[in-house]
Amino acid sequence: MLGAVDAGFGQKLLLWGGLWHFFQQIIECTEEYRNLPLLTLWLGPVPLVAIYNAENVEVILTSSKHIDKSSMYKFLEPWLGLGLLTRVCHGEMYTRDAHELNGCFSLCFTETAMGKNIGAQSNGDSEYVRAVYRAGGEDGDGVEVFLLCTGNDEGGARESSVADGLLRGRGQPVVSWHSRRVITERANEMKRDEEGKWDDKDFPTRKNKCRAFLDLLLNVTDDEGNKLSHEEIREEVDTFMFEGHDTTAAAVNWSLYLLGSYPEVQKKVDNELEEIFGKSDRPATLEDLKKLKYLECVIKESLRLFPPVPFFARNLNEDCDVGGYKIVKGSQVIIVPYALHRDPRYFPDPEEFVPERFLPENSKGRHSYAYVPFSAGPRNCIGQKFAIMEEKTILSCILRHFWVESNQKREELGLAGELILRPSNGIWVKLKRRNTDES
Numbered sequence: 001m002l003g004a005v006d007a008g009f010g011q012k013l014l015l016w017g018g019l020w021h022f023f024q025q026i027i028e029c030t031e032e033y034r035n036l037p038l039l040t041l042w043l044g045p046v047p048l049v050a051i052y053n054a055e056n057v058e059v060i061l062t063s064s065k066h067i068d069k070s071s072m073y074k075f076l077e078p079w080l081g082l083g084l085l086t087r088v089c090h091g092e093m094y095t096r097d098a099h100e101l102n103g104c105f106s107l108c109f110t111e112t113a114m115g116k117n118i119g120a121q122s123n124g125d126s127e128y129v130r131a132v133y134r135a136g137g138e139d140g141d142g143v144e145v146f147l148l149c150t151g152n153d154e155g156g157a158r159e160s161s162v163a164d165g166l167l168r169g170r171g172q173p174v175v176s177w178h179s180r181r182v183i184t185e186r187a188n189e190m191k192r193d194e195e196g197k198w199d200d201k202d203f204p205t206r207k208n209k210c211r212a213f214l215d216l217l218l219n220v221t222d223d224e225g226n227k228l229s230h231e232e233i234r235e236e237v238d239t240f241m242f243e244g245h246d247t248t249a250a251a252v253n254w255s256l257y258l259l260g261s262y263p264e265v266q267k268k269v270d271n272e273l274e275e276i277f278g279k280s281d282r283p284a285t286l287e288d289l290k291k292l293k294y295l296e297c298v299i300k301e302s303l304r305l306f307p308p309v310p311f312f313a314r315n316l317n318e319d320c321d322v323g324g325y326k327i328v329k330g331s332q333v334i335i336v337p338y339a340l341h342r343d344p345r346y347f348p349d350p351e352e353f354v355p356e357r358f359l360p361e362n363s364k365g366r367h368s369y370a371y372v373p374f375s376a377g378p379r380n381c382i383g384q385k386f387a388i389m390e391e392k393t394i395l396s397c398i399l400r401h402f403w404v405e406s407n408q409k410r411e412e413l414g415l416a417g418e419l420i421l422r423p424s425n426g427i428w429v430k431l432k433r434r435n436t437d438e439s
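Note that the working numbering has the sequence shown beginning at 1, numbered continuously upward.
The hints are simulated quantities; they were obtained by calculation from the structure and are not laboratory data. Yeah, the Cβ is synthetic: ideal placement off N, Cα and C, and Gly gets one too. A portion of the hints provided could be inaccurate.
Claimed, not checked - Calculated pairs, DSSO-like style, for lysine-lysine (alpha carbon to alpha carbon, straight line, at most 27 Å):
no.: 1; residue 1: LYS279; residue 2: LYS430
no.: 2; residue 1: LYS385; residue 2: LYS293
no.: 3; residue 1: LYS291; residue 2: LYS409
no.: 4; residue 1: LYS293; residue 2: LYS364
no.: 5; residue 1: LYS268; residue 2: LYS432
no.: 6; residue 1: LYS430; residue 2: LYS300
no.: 7; residue 1: LYS385; residue 2: LYS268
no.: 8; residue 1: LYS268; residue 2: LYS227
no.: 9; residue 1: LYS300; residue 2: LYS290
no.: 10; residue 1: LYS432; residue 2: LYS300
no.: 11; residue 1: LYS227; residue 2: LYS385
no.: 12; residue 1: LYS300; residue 2: LYS227
no.: 13; residue 1: LYS279; residue 2: LYS267
no.: 14; residue 1: LYS279; residue 2: LYS291
no.: 15; residue 1: LYS293; residue 2: LYS267
no.: 16; residue 1: LYS364; residue 2: LYS290
no.: 17; residue 1: LYS409; residue 2: LYS385
no.: 18; residue 1: LYS409; residue 2: LYS279
no.: 19; residue 1: LYS279; residue 2: LYS268
no.: 20; residue 1: LYS290; residue 2: LYS268
no.: 21; residue 1: LYS432; residue 2: LYS293
no.: 22; residue 1: LYS385; residue 2: LYS300
no.: 23; residue 1: LYS267; residue 2: LYS191
Said to hold, decoys possible - Per label pair, the in silico range of CB-to-CB distance:
no.: 24; residue 1: GLU274; residue 2: GLN24; range: 17 to 23 Å
no.: 25; residue 1: GLY365; residue 2: HIS21; range: 23 to 29 Å
no.: 26; residue 1: LEU286; residue 2: GLU55; range: 34 to 40 Å
no.: 27; residue 1: GLN384; residue 2: TRP42; range: 28 to 34 Å
no.: 28; residue 1: GLU232; residue 2: LYS364; range: 39 to 45 Å
no.: 29; residue 1: ASP281; residue 2: LEU359; range: 27 to 33 Å
no.: 30; residue 1: PRO283; residue 2: GLY414; range: 34 to 40 Å
no.: 31; residue 1: ASP270; residue 2: LYS191; range: 24 to 30 Å
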């Protein structure tokens with residue numbers, strides 16, 4: 001299948017084992033063969049091509065013909081249906097759906113994303129919260145299913161059955177049932193509530209009235225005036241819950257760990273917060289968040305070192321020339337941000353935590369595809385601006401009240417490359433309340 005690629009490489013690399021082994025082997029291979037344009041990997045009987053330098057990543061991610069998600073994501077379909085994450089579709093359909101939903105991610109902070117209070121923050125042990133974590137693969141089963149679903153179409157029924165069974169055992173029915181209930185209740189409320197009936201053409205004039213994410217989904221229409229069905233909305237809601245909450249939480253955790261490990265960097269953040277907020281305890285406004293330039297550099301550098309999604313896959317719809325090699329139609333390509341972000345050509349001393357890398361004067365001239373924590377191109381993350389603002393909000397709130405300390409060495413953390421990059425041994429930080437000896 002990949003004969004045109006094999007000629008340039010002395011050996012094919014066979015991946016084996018479970019979750020931990022899979023990620024570790026990917027990282028070891030990309031480190032050892034850093035100077036090669038790509039790698040041929042074998043996941044059991046399935047050939048993959050790993051890409052981890054900016055020039056070749058650009059070829060794949062900018063193409064309007066290679067934006068189909070890999071069939072590896074089929075294991076999530078029993079839960080997420082055909083949402084933006086799982087949809088393996090022609091580019092035209094994906095672009096249409098992404099355009100329709102993009103308006104739901106304005107930088108507008110609402111009381112609850114669904115217009116309904118699910119009590120997730122007041123009760124972190126609620127059935128819904130626990131189900132989301134289980135269904136999202138907190139226990140590490142995710143990649144085992146991911147690997148299972150790389151087989152051919154003949155095994156599709158078996159793979160789907162196994163994937164469905166695992167997801168059901170990990171909380172997927174609870175999440176989907178809750179989403180359907182909330183959607184139905186909210187739709188009925190909007191029908192009864194005259195104030196909930198708004199016309200799309202009036203929306204730009206109502207800048208002071210932000211609507212919940214679910215309200216926008218219930219009202220979004222395509223070019224022909226068709227609204228999403230409740231099941232389509234459920235798929236998108238579950239997709240955003242899966243993609244949005246755990247990735248952001250992981251990113252915040254990594255940022256706090258790095259700040260606690262580099263007190264000189266944390267001091268610079270402290271100075272910026274002092275300049276903007278002084279001793280005030282007022283909530284941060286959108287304008288405040290926009291001024292937090294150095295904190296944004298900290299977030300971006302944290303995402304460089306520990307991208308929440310350490311690798312993702314694409315399916316090639318036609319033959320593609322990458323780095324002087326021909327990869328044939330139907331091939332599965334894995335893009336590895338974890339390795340890409342450590343290219344010393346663009347990030348000298350790549351293992352060092354240096355937020356100043358992302359100051360405008362230092363970013364100038366850097367390859368635009370050397371850094372892709374949210375993917376890039378036509379199928380990038382439509383919630384990335386919201387994610388950065390969310391991280392700024394959380395981190396600024398914590399750092400205004402606490403000083404963070406961490407004594408863990410990076411090698412002590414361990415890395416579990418599940419669907420989300422996590423520390424396998426956990427992160428332990430000490431929070432010292434500011435202006436007191438309390439901790």
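For each hint, the structure was consulted:
Restraint check: the Cα-Cα separation between LYS279 and LYS430 comes to about 22 Å, which is no more than 27 Å; the hinted pair holds. Proposed proximity of LYS385 and LYS293 is supported: the alpha carbons are some 14 Å apart, at most 27 Å. Proposed proximity of LYS291 and LYS409 is contradicted: the alpha carbons are some 32 Å apart, above 27 Å. For a cut-off of 27 Å, the pair hint linking LYS293 to LYS364 stands: about 16 Å separates their Cα positions.
For the suggested pair LYS268 and LYS432, the alpha carbons sit about 17 Å apart, so the restraint of at most 27 Å is met. Of the pairs offered as hints, the one joining LYS430 and LYS300 holds, with about 23 Å between alpha carbons and a cut-off of 27 Å not exceeded. The suggested pairing of LYS385 with LYS268 holds, with an alpha-carbon distance near 23 Å, which does not exceed 27 Å. At most 27 Å may separate the alpha-carbon atoms for a hinted pair to count; LYS268 and LYS227 exceed this at roughly 48 Å.
With a C-alpha separation of about 14 Å, the suggested pairing of LYS300 with LYS290 holds against the 27 Å cut-off. Distance hint between LYS432 and LYS300 is fulfilled; the C-alpha atoms sit about 25 Å from each other, no more than 27 Å. Restraint check: the Cα-Cα separation between LYS227 and LYS385 comes to about 25 Å, which is no more than 27 Å; the hinted pair holds. With a CA separation close to 36 Å, the supplied pair LYS300 and LYS227 exceeds the 27 Å bound.
As the CA atoms of LYS279 and LYS267 are separated by approximately 16 Å, the hinted pair is consistent with the 27 Å bound. Taking the CA atoms of LYS279 and LYS291, the gap is about 17 Å. The hint holds against a cut of 27 Å. For the given pair, LYS293 sits about 14 Å from LYS267 by alpha-carbon distance, which is consistent with the 27 Å threshold. Of the supplied pair hints, the one linking LYS364 and LYS290 holds, its CA atoms being roughly 20 Å apart against a limit of 27 Å.
For the hint pairing LYS409 with LYS385, the CA-to-CA distance comes to about 31 Å; that exceeds 27 Å, so the pair is violated. Restraint check for LYS409 and LYS279: not satisfied, since their Cα atoms lie roughly 33 Å apart, outside the 27 Å limit. Distance hint between LYS279 and LYS268 is fulfilled; the C-alpha atoms sit about 16 Å from each other, no more than 27 Å. Between LYS290 and LYS268, the direct Cα distance comes to roughly 17 Å. Compliance with the 27 Å bound is thereby established for this hinted pair.
Proposed proximity of LYS432 and LYS293 is supported: the alpha carbons are some 24 Å apart, at most 27 Å. Taking the CA atoms of LYS385 and LYS300, the gap is near 12 Å; set against the 27 Å cutoff, the hint holds. Pair hint LYS267 plus LYS191 does not hold up; C-alpha atoms about 51 Å apart against a cutoff of 27 Å. Between GLU274 and GLN24 the C-beta distance comes to about 42 Å, which lies outside the given range of 17 to 23 Å.
Remark: the range hint 23 to 29 Å for GLY365 to HIS21 is contradicted by a beta-carbon distance near 38 Å. With their beta carbons about 37 Å apart, LEU286 and GLU55 fall inside the hinted range of 34 to 40 Å. Taken as a hint, the range 28 to 34 Å holds for the pair GLN384 and TRP42, whose Cβ atoms sit roughly 33 Å apart. Taking 39 to 45 Å as the suggested C-beta distance range, the pair GLU232 and LYS364 conforms, at roughly 42 Å.
Look at ASP281 against LEU359: about 29 Å separates their beta carbons, and that is inside 27 to 33 Å. With their beta carbons about 36 Å apart, PRO283 and GLY414 fall inside the hinted range of 34 to 40 Å. ASP270 and LYS191 have their C-beta atoms about 50 Å apart, which leaves the hinted 24 to 30 Å range violated.
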